[in-house]
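So the protein lines, in turn, are chains R and F.
At position 6 of the first sequence the residue is numbered 5 (numbering that gives the first Met the number 0), and the sequence of numbers has no breaks.
At position 158 of the second sequence the residue is numbered 157 (numbering that gives the first Met the number 0), and the sequence of numbers has no breaks.
Just so you know, these hints were derived from the structure itself, not from any lab.
Model, not experiment: these values are computed from the prediction.
Be aware that one or more of the hints could be misleading.
[Stated by the list, open to error] Among the chain F residues that face chain R by a calculated CB cut under 10 Å, a handful are: (1) 5; (2) 8; (3) 22; (4) 34; (5) 37; (6) 42; (7) 49; (8) 129; (9) 164; (10) 200.
Backbone N, C-alpha and C fix where the C-beta goes; we use that ideal spot for every residue, glycine too.
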Amino acid sequence: MSELESTYRRYFPVIREKCRRLLGDADGDDVSQETFVKLWRAGLAGADPLKVTAWIYRTSTRLAIDLLRLRQRRGTPETVAAIGGLVSTPPSAEQALQTRREVEELVRLLPADELECALLHRIDGLTQAEIAEVAGVSERTVRRALRRFEARVRTLRAAEETR
Amino acid sequence: MNAHPSYLELDRFALGGGSSATRSHAENCPRCGVHLSRLAEPGPMPAWATRIEQRGGARWAAWLRLPRLVALATVGAASAAALVIAVGPKRPPAYDGVKGSPSVALYVRHQGRVALWDGHAAVETGDGVRLKLSSQGFSHVAVATIDGPELTELYIGRLSDGETLLPASWTVDENAGTEHLAVVFSRRPVSRPELRSAVQAQLRNGEIWATTLEIPKRGANR
Numbered sequence: 000m001s002e003l004e005s006t007y008r009r010y011f012p013v014i015r016e017k018c019r020r021l022l023g024d025a026d027g028d029d030v031s032q033e034t035f036v037k038l039w040r041a042g043l044a045g046a047d048p049l050k051v052t053a054w055i056y057r058t059s060t061r062l063a064i065d066l067l068r069l070r071q072r073r074g075t076p077e078t079v080a081a082i083g084g085l086v087s088t089p090p091s092a093e094q095a096l097q098t099r100r101e102v103e104e105l106v107r108l109l110p111a112d113e114l115e116c117a118l119l120h121r122i123d124g125l126t127q128a129e130i131a132e133v134a135g136v137s138e139r140t141v142r143r144a145l146r147r148f149e150a151r152v153r154t155l156r157a158a159e160e161t162r
Numbered sequence: 000m001n002a003h004p005s006y007l008e009l010d011r012f013a014l015g016g017g018s019s020a021t022r023s024h025a026e027n028c029p030r031c032g033v034h035l036s037r038l039a040e041p042g043p044m045p046a047w048a049t050r051i052e053q054r055g056g057a058r059w060a061a062w063l064r065l066p067r068l069v070a071l072a073t074v075g076a077a078s079a080a081a082l083v084i085a086v087g088p089k090r091p092p093a094y095d096g097v098k099g100s101p102s103v104a105l106y107v108r109h110q111g112r113v114a115l116w117d118g119h120a121a122v123e124t125g126d127g128v129r130l131k132l133s134s135q136g137f138s139h140v141a142v143a144t145i146d147g148p149e150l151t152e153l154y155i156g157r158l159s160d161g162e163t164l165l166p167a168s169w170t171v172d173e174n175a176g177t178e179h180l181a182v183v184f185s186r187r188p189v190s191r192p193e194l195r196s197a198v199q200a201q202l203r204n205g206e207i208w209a210t211t212l213e214i215p216k217r218g219a220n221r
């Protein structure tokens, strides 16, 4: 087995599952591929798995945000479907639609670093300490970003209810 | 409060890390169990992945000091120090060690040809180096280089029963000298302080087993 193949077998499932949680299967697989190619070219095959997994979470999340924003700028029909993948296990169709609308709006409105923290927290279930490690920022910065995110969600929900 | 570990923690657990609490949770949680089972299914390597190797191989910048060399070392159970066994050209490239003890084989790739280290020859700039381990019941391994007081972790992961060819490999850089390569077997993931202590003391007991290979390098920079 070549080094490339062993690296693929070791890390690609982690990348694939991470990206599918965030984007669904189709777009998730595109971002998975891009993330793995970057990992290989960065020479991370033999690095500490703790560092590699942090790198995977950081890189794939940022690539996913780039993809979502690109879709919005182009206004393609896939936007809603892509953002729908952000809802990991919606408890109901109504809530899924609401979350989809929220995230669609948030992708457009939020700064990338704030969105990154929110996605890592909401979709991947990372603790604040883990987000700080992955994003390379302090826990205080993460707390502030998540507070801003929650405030924006509350504002959006309030606006929805008044319509 | 979310009772599940984060996906990051689960992923690290699957790669050989994670805490005992994560292990305990994963063994009893269907949702986390499903996630871990998916991680065990890489599937066949697709064409796009096979093509990227043609555009340049991986290097790990943190360890660019080894010359080309293929080494075979075994850890003797009764030995106080690591035993490096030279493998002659007529000897088959197999493990050699005391029964019941873990063993470490170092392979060196030089100009496309892979061989076992003879225990003495210097490796050269650009050589690739890779380890094959026989766990003998130890479930985890950590590999690190030692440069004076500095210990740099190169690889941490789980071991399967029998022999394991580590997925990691490293490229030797141009610096001449001696590379001190520590390999630590354990029955659970070890922290960095534990790893350092095990290497310094060359611990060998039922829970942890350490050895250090000293690999000469013939680099351009002397």
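* Would you pick out the hints that fail for this structure and give their numbers low to high? => Violated: hints 3 and 10.
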